[in-house]
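With the hints as extra help, turn the sequences into a complete structure.
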Amino acid sequence: MSAIYDVSEQDFEQRVVERSREVPVVVDFWAEWCGPCRALGPVLEKAVQDKAGDVELAKLDTDANPRIAAAFGIRGIPAVKAFKDGRVVAEFTGAQPPARVQEFLDTLVPSEAERLAESGDEADLRRALELEPARNEAAVRLARLLHDRGESDAARSLLEGRPGFAAEALAARIELEDDEQLSAAFARLDAGETEAALDDLIAAITASRDGRRELLRRAVVGVLDELGVEHPLARESRRRLAAALY
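If you're matching positions, the sequence shown starts at 1135 in the working numbering and goes up one per residue.
No wet-lab data here; the hints were simulated from the structure. Hints are supplied without guarantee of correctness; some may be wrong.
Claimed, not checked - Quick list of simulated restraints, FRET-style, between CB atoms:
| # | residue 1 | residue 2 | range |
| --- | --- | --- | --- |
| 1 | Ala1165 | Arg1372 | 27 to 37 Å |
| 2 | Gln1236 | Ala1205 | 21 to 31 Å |
| 3 | Phe1226 | Gln1183 | 17 to 27 Å |
| 4 | Ser1342 | Glu1364 | 28 to 38 Å |
| 5 | Glu1327 | Asn1270 | 42 to 52 Å |
| 6 | Arg1369 | Gly1284 | 30 to 40 Å |
Said to hold, decoys possible - Simulated crosslink set (DSSO-like; lysine-lysine; CA at most 30 Å straight-line):
| # | residue 1 | residue 2 |
| --- | --- | --- |
| 7 | Lys1185 | Lys1218 |
| 8 | Lys1193 | Lys1180 |
| 9 | Lys1218 | Lys1180 |
| 10 | Lys1218 | Lys1193 |
Computed from a prediction, not measured in an experiment: that's the story for all the values here. Glycine included, C-beta positions come from ideal geometry on N, C-alpha and C.
Below you can see the structure in the form of structure tokens.
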């Protein structure tokens, strides 16, 4: 199927809303008499073609399909709306230069580095970081691989200066694992004994009066972030963490 096609009121639900659950669909609301629409159309089409099937373009004539235009509150054209998972996720109105259109589409389609980072393969993670050195999720996943096979210095170097709970937690763990008791707590964490591991780490905060307290806090916060805000264990552990710190 072509990545660029005309739609109408009859097939809008199927070809735009339902199709967007499989691939992002950008809708160009236009009319024949609209000069800016004629200027934007070729720019949109080229940008979508350059995405090589990662996004599709549906063109809707607002004069021929007034009910759809009204349903989406179209008051000025050209109007462009992007659909993902059955809903509008981004939009703009008026003719835009090619660079702006490209940026708009980039927000809908994962970059090559993002795709590589999702794979979890070491070679892909390294390539993702070559393409986008600031991509933290790729750095953390690669650091975990290195740490798991005993290359802690390399993992530490990769995490240095990286923001985010996951990066800070793993960096803290690397610094703390030389303590036999804490190493046992992290082993429990790896074994899925999350509650017991948190008990041990929070108890270590209470007992510690040195610089390790901040490292322990980061390690615990990383676990809580992974559990999620609404997880019952995370809620209870946050309360206990605050008590241990203050």
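Structure-based check of each hint:
no. : hint                            : verdict
1   : Ala1165 <-> Arg1372: 27 to 37 Å : violated (55 Å)
2   : Gln1236 <-> Ala1205: 21 to 31 Å : holds (28 Å)
3   : Phe1226 <-> Gln1183: 17 to 27 Å : holds (19 Å)
4   : Ser1342 <-> Glu1364: 28 to 38 Å : holds (29 Å)
5   : Glu1327 <-> Asn1270: 42 to 52 Å : violated (27 Å)
6   : Arg1369 <-> Gly1284: 30 to 40 Å : holds (35 Å)
7   : Lys1185 <-> Lys1218             : holds (16 Å)
8   : Lys1193 <-> Lys1180             : holds (14 Å)
9   : Lys1218 <-> Lys1180             : holds (20 Å)
10  : Lys1218 <-> Lys1193             : holds (16 Å)
The earlier numbered hints that this structure contradicts are 1, 5.
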